[in-house]
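Engineer: Let the hints inform the model, and build the full structure from the sequences given.
By my numbering, the letter at position 75 of the sequence shown is numbered 394, and the numbering carries on one by one without gaps.
If you're looking for bench data, these hints aren't it; they were derived computationally from the structure.
Some clues are possibly wrong.
Pairs of lysine-lysine residues, derived as BS3-like cross-links and limited to a Cα-Cα distance of at most 25 Å, are as follows [what the hints assert, rightly or not]:
hint: 1; residue 1: Lys477; residue 2: Lys648
hint: 2; residue 1: Lys477; residue 2: Lys641
hint: 3; residue 1: Lys477; residue 2: Lys564
hint: 4; residue 1: Lys372; residue 2: Lys434
hint: 5; residue 1: Lys477; residue 2: Lys434
hint: 6; residue 1: Lys434; residue 2: Lys564
hint: 7; residue 1: Lys648; residue 2: Lys440
hint: 8; residue 1: Lys473; residue 2: Lys641
hint: 9; residue 1: Lys372; residue 2: Lys648
hint: 10; residue 1: Lys440; residue 2: Lys564
hint: 11; residue 1: Lys517; residue 2: Lys372
hint: 12; residue 1: Lys648; residue 2: Lys473
hint: 13; residue 1: Lys434; residue 2: Lys648
hint: 14; residue 1: Lys372; residue 2: Lys477
hint: 15; residue 1: Lys473; residue 2: Lys517
hint: 16; residue 1: Lys564; residue 2: Lys517
Label-pair ranges, simulated between beta-carbon atoms [claimed, not checked]:
hint: 17; residue 1: Glu486; residue 2: Asn410; range: 25 to 35 Å
hint: 18; residue 1: Gln639; residue 2: Gly387; range: 25 to 35 Å
hint: 19; residue 1: Ile559; residue 2: Tyr642; range: 32 to 42 Å
hint: 20; residue 1: Leu659; residue 2: Ala530; range: 26 to 36 Å
hint: 21; residue 1: Arg553; residue 2: Leu608; range: 18 to 28 Å
hint: 22; residue 1: Gly601; residue 2: Thr407; range: 32 to 42 Å
hint: 23; residue 1: Thr407; residue 2: Tyr642; range: 33 to 43 Å
hint: 24; residue 1: Lys477; residue 2: Arg584; range: 20 to 30 Å
hint: 25; residue 1: Gln656; residue 2: Ala609; range: 16 to 26 Å
hint: 26; residue 1: Thr406; residue 2: Tyr642; range: 33 to 43 Å
hint: 27; residue 1: Thr406; residue 2: Arg455; range: 30 to 40 Å
Heads up, the beta-carbon is just placed ideally off N, CA and C, and yes, glycines get one too.
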Amino acid sequence: MLKLVDMGTLTFEKSGKSCNCIAFTTTIYDAPVNLTDSEPGMDQLRAIEYFVKVAELGSFTAAARAVGVPASSVSRRVQDLEAHLGTTLLNRTTRSVSLTELGSVYLEQVRPALKSLDHAKALINDRPSAPSGLLRITANPGYGRVLLMPAIHKLRAKYPDLIIDVELTDQVYNLASHEVDIAIRATADLPDRAIARKLADSTMKLVASPAYLAAHGAPRRLEDLAAHPTLMYRGPNRLIDWHAKTEAGWQDVQTHPVFICNVGRELVEQALAGAGLGLFFGWGIQPELASGELVEVTMEDASLSITRSETGGIYLLYNQPKYRLNKIKATVDFLLQELLQSG
Numbered sequence: 320m321l322k323l324v325d326m327g328t329l330t331f332e333k334s335g336k337s338c339n340c341i342a343f344t345t346t347i348y349d350a351p352v353n354l355t356d357s358e359p360g361m362d363q364l365r366a367i368e369y370f371v372k373v374a375e376l377g378s379f380t381a382a383a384r385a386v387g388v389p390a391s392s393v394s395r396r397v398q399d400l401e402a403h404l405g406t407t408l409l410n411r412t413t414r415s416v417s418l419t420e421l422g423s424v425y426l427e428q429v430r431p432a433l434k435s436l437d438h439a440k441a442l443i444n445d446r447p448s449a450p451s452g453l454l455r456i457t458a459n460p461g462y463g464r465v466l467l468m469p470a471i472h473k474l475r476a477k478y479p480d481l482i483i484d485v486e487l488t489d490q491v492y493n494l495a496s497h498e499v500d501i502a503i504r505a506t507a508d509l510p511d512r513a514i515a516r517k518l519a520d521s522t523m524k525l526v527a528s529p530a531y532l533a534a535h536g537a538p539r540r541l542e543d544l545a546a547h548p549t550l551m552y553r554g555p556n557r558l559i560d561w562h563a564k565t566e567a568g569w570q571d572v573q574t575h576p577v578f579i580c581n582v583g584r585e586l587v588e589q590a591l592a593g594a595g596l597g598l599f600f601g602w603g604i605q606p607e608l609a610s611g612e613l614v615e616v617t618m619e620d621a622s623l624s625i626t627r628s629e630t631g632g633i634y635l636l637y638n639q640p641k642y643r644l645n646k647i648k649a650t651v652d653f654l655l656q657e658l659l660q661s662g
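Structural biologist: Okay, here's the thing in structure tokens:
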């Protein structure tokens, strides 16, 4: 819970009369003014918001640009907040801004409170009419291109007042602290405090084109793979190796890469062109398997995967409180209907 406390009182003279009021100083275009006791809570809340934005962006200038006020206003508000708390929250140099130890503690406490206030405001402003407003979605690039984006286009046609911000990335964001409404991830490690709806399993298929198999034959045992060119995926930090599950357990697969790329579709195109063997999620190559453009290769002594986890899959994730927002509920329900059918 965010507790708002006044910053003290002062006495001033006006028209021959004296009075007490709660003293808050702000800056509008570098001109300090005193706020009356009609606005103290909102003033301190704004100071906290500015502090959080500076901490997140590491710069008073960037924070000011983000909130649309002069940098001097942000600086003055944060100084007032520090004076009220009686401690320094930010270390300042001519080149950088960083949190003090107590600043880190304070940030950890107030950021969830601000998120709760933003969510409460969104609930109040939400109307039981057609979904509208900004909606942020992140998704695994492969799944996003193949299945999510066609569903997003249908979603926009159904709810034209939605502003949909889609980021296709392997970056994993914390749903509790990042401004993401819905995430679609390939994972076996589900986050805490999030609702996870499984869209597809992690079954992988070893495939090649009919032309490649006619020219080179199909490998039947693990040791055969070393003689075949392979198409390999590069993740954000490393090459994604192949693993084999045998009767004796999991083991690494010796491969002979001839093409490596971080875009799954490019690997599929190379497989279609007969460049080698590819290992892909089943949901990513359904049309090619159905048309016969790619043929599944079955190993006699193992099944292949890019992970040794047997519980992974593609999941749609969102925070339960946000589901009460009309735009989130409508989008989640729509995507589940579309993607469960196509996955």
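Engineer: If a hint holds in the structure, say so; if it doesn't, say that too.
Structural biologist: Comparing the hints with the structure gives:
no.: 1; hint: Lys477 / Lys648; verdict: holds, 14 Å
no.: 2; hint: Lys477 / Lys641; verdict: holds, 21 Å
no.: 3; hint: Lys477 / Lys564; verdict: violated, 44 Å
no.: 4; hint: Lys372 / Lys434; verdict: holds, 12 Å
no.: 5; hint: Lys477 / Lys434; verdict: violated, 29 Å
no.: 6; hint: Lys434 / Lys564; verdict: violated, 44 Å
no.: 7; hint: Lys648 / Lys440; verdict: holds, 17 Å
no.: 8; hint: Lys473 / Lys641; verdict: holds, 22 Å
no.: 9; hint: Lys372 / Lys648; verdict: violated, 28 Å
no.: 10; hint: Lys440 / Lys564; verdict: violated, 51 Å
no.: 11; hint: Lys517 / Lys372; verdict: violated, 34 Å
no.: 12; hint: Lys648 / Lys473; verdict: holds, 16 Å
no.: 13; hint: Lys434 / Lys648; verdict: holds, 19 Å
no.: 14; hint: Lys372 / Lys477; verdict: violated, 35 Å
no.: 15; hint: Lys473 / Lys517; verdict: holds, 21 Å
no.: 16; hint: Lys564 / Lys517; verdict: holds, 23 Å
no.: 17; hint: Glu486 / Asn410: 25 to 35 Å; verdict: holds, 32 Å
no.: 18; hint: Gln639 / Gly387: 25 to 35 Å; verdict: holds, 32 Å
no.: 19; hint: Ile559 / Tyr642: 32 to 42 Å; verdict: holds, 33 Å
no.: 20; hint: Leu659 / Ala530: 26 to 36 Å; verdict: holds, 34 Å
no.: 21; hint: Arg553 / Leu608: 18 to 28 Å; verdict: holds, 24 Å
no.: 22; hint: Gly601 / Thr407: 32 to 42 Å; verdict: violated, 56 Å
no.: 23; hint: Thr407 / Tyr642: 33 to 43 Å; verdict: holds, 40 Å
no.: 24; hint: Lys477 / Arg584: 20 to 30 Å; verdict: holds, 26 Å
no.: 25; hint: Gln656 / Ala609: 16 to 26 Å; verdict: holds, 22 Å
no.: 26; hint: Thr406 / Tyr642: 33 to 43 Å; verdict: holds, 38 Å
no.: 27; hint: Thr406 / Arg455: 30 to 40 Å; verdict: holds, 34 Å
Consistency note: the structure conflicts with the earlier hints numbered 3, 5, 6, 9, 10, 11, 14 and 22.
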